[in-house]
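Just so you know, the protein sequences line up as chains A and B, in that order. Those letters in the first sequence? Residues 7 to 191, per this note's numbering, in order. Those letters in the second sequence? Residues 99 to 378, per this note's numbering, in order.
Everything hinted at is true.
Cut-off 16 angstroms, straight-line C-alpha distance, at most; resulting in silico cross-link-like pairs (EDC-like, lysine to aspartate or glutamate): (1) LYS45(A) x ASP216(B); (2) LYS124(A) x ASP23(A); (3) LYS45(A) x ASP152(A); (4) LYS11(A) x GLU165(A); (5) LYS188(A) x GLU271(B); (6) LYS237(B) x GLU113(B); (7) LYS323(B) x ASP267(B); (8) LYS188(A) x GLU138(B); (9) LYS124(A) x ASP178(A); (10) LYS237(B) x GLU175(B); (11) LYS11(A) x GLU162(A); (12) LYS11(A) x ASP28(A); (13) LYS206(B) x GLU151(A); (14) LYS185(A) x GLU138(B); (15) LYS206(B) x ASP152(A); (16) LYS143(A) x GLU165(A); (17) LYS45(A) x ASP92(A).
Simulated coverage check for chain A against chain B, where a stretch passes if three residues somewhere in it have a Cβ under 8 angstroms from a Cβ of chain B: (18) 74–82; (19) 85–98; (20) 105–118; (21) 123–134; (22) 154–168; (23) 174–182.
Derived from the structure by calculation, the hints contain no laboratory data. These numbers were taken from a predicted model, which means no experiment stands behind them. We put the beta carbon where it would ideally sit given N, CA and C, even for glycine.
Next come the chains, spelled out residue by residue.
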Amino acid sequence: MSGMKVSLPLTEQMIHDLRCGDQLLLSGFLYTARDAAHKRLVESLSKNGKLPVELKSQVIYYAGPTPAPPGRVIGSAGPTTSQRMDSMTIPLLEYGVKGLIGKGSRSEEVKKALVQHKAVYLAATGGAGALLAQRIKSAEIVAYEDLGPEAIYKLEVQEFPVVVINDINGNDLYEAGQKAYKRLI
Amino acid sequence: MRRINVEVITQNIAEMCCEANFNLGKDIIEGLTEALKNEESPVGRDVIQQILNNAEISSRDGVPLCQDTGFAVVFIELGQEVSLVGGDLDEAINKGVREGYHRCYLRKSMVNDPLMRDNTGDNTPAVVHYNIVPGNNIKITFVPKGGGSENMSRIKMLKPTEGESGIIDFVLETVNAAGANACPPVVIGVGIGGTFETCALLAKKALLRPLQQVNSNVYYADLEKRLCLAVNCLGIGPQGFGGRITALAVHIEAAPTHIACLPTAVNLNCHASRHVQRIL
Chain A
7 MSGMKVSLPL TEQMIHDLRC GDQLLLSGFL YTARDAAHKR LVESLSKNGK LPVELKSQVI
67 YYAGPTPAPP GRVIGSAGPT TSQRMDSMTI PLLEYGVKGL IGKGSRSEEV KKALVQHKAV
127 YLAATGGAGA LLAQRIKSAE IVAYEDLGPE AIYKLEVQEF PVVVINDING NDLYEAGQKA
187 YKRLI
Chain B
99 MRRINVEVIT QNIAEMCCEA NFNLGKDIIE GLTEALKNEE SPVGRDVIQQ ILNNAEISSR
159 DGVPLCQDTG FAVVFIELGQ EVSLVGGDLD EAINKGVREG YHRCYLRKSM VNDPLMRDNT
219 GDNTPAVVHY NIVPGNNIKI TFVPKGGGSE NMSRIKMLKP TEGESGIIDF VLETVNAAGA
279 NACPPVVIGV GIGGTFETCA LLAKKALLRP LQQVNSNVYY ADLEKRLCLA VNCLGIGPQG
339 FGGRITALAV HIEAAPTHIA CLPTAVNLNC HASRHVQRIL
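Please construct the entire structure, taking both the sequences and the accompanying hints into account.
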């Protein structure tokens, strides 16, 4: 796996320099949150503007890992489809989340909000959960334990491979990539 | 009559849950290896390499291929000369799923009700399809089916006059709309004919055929080939990052239908197309 080594949390300068199509190897902390956790996070923000975990400047990973067998940090831990989080993403970007990791394209509203709030959307390889789990060095449940696989985990990652999909200039790798390789039948 | 205790089915299902989630089929590995040679996009090749490495890590370390260890879909072909003893067959299958998902630390993804959404905690109930066939064997096929690609699947009641070109358009439209969401390179199951519900089941059965095995009917074998070429012209590529390989294969299953109908279903499967089979 190739890529530029990047430390987390992402700095303002780094976010500014990232371009769609860049391959990165992330090291630092990620926070998992998928469908049910998003619902609670957004409810919590609208109630009192607070979150159970400080996510300002942090990167959220849309993932629901398999249980950790004895002696392992985590089970299989690949990304889930981001689209389902679209309607709950903007409040988190407004709050100050700076990066999102998932798979699949985002809504026009989310893409606009990424530009506006200077945040990036990254993709990890869907269906490579065993490989990605090797890059996770520690995992700790930090909120919503009752949600099981949907709880929020704080993950320490080392050289976790991702690709930049949406940068702060409004570029989109899914659109650009398909355009570059599309052929007439 | 051959007597088979349902406890044997439970044990086999439990083992199959683990086997399917830790081992990518040889046919899929072969298909991905071929795709690696043909993919022109550098990031696309990197993705395919990651997927192949992932399969190796998964079987070596006993870590599931994907965190979505799926709906537990089970196909049972029951020989009509078999007499099942020792309990309820449905319950025996669910017991096997419960044991397998627990023993191998697989993710429990089933909720009890589509709107109440409480996790059942053991990945049951299984989705079971029964067929009664001649003979005295039981053939069990276990298919962990991921939610991401299932969500991108579609069904359409075409007009008979739309024919082949209507089907091609519908398949391309479905794959294009799915984009990166279905985790390409995908395997595409197309069910044509029957009723509303049978064409969906045909599409799922089409996914079970070994990757390189074409339809036994010459016309459909040719249509599968043309559809696969057309899909790979879409440019979506591995993980949607742009590239030549969007599909590893297109498989079609067809069935007789009504003079007024041309039901067509497209069931997408991610590259982790998992299925294992045993004959008891």
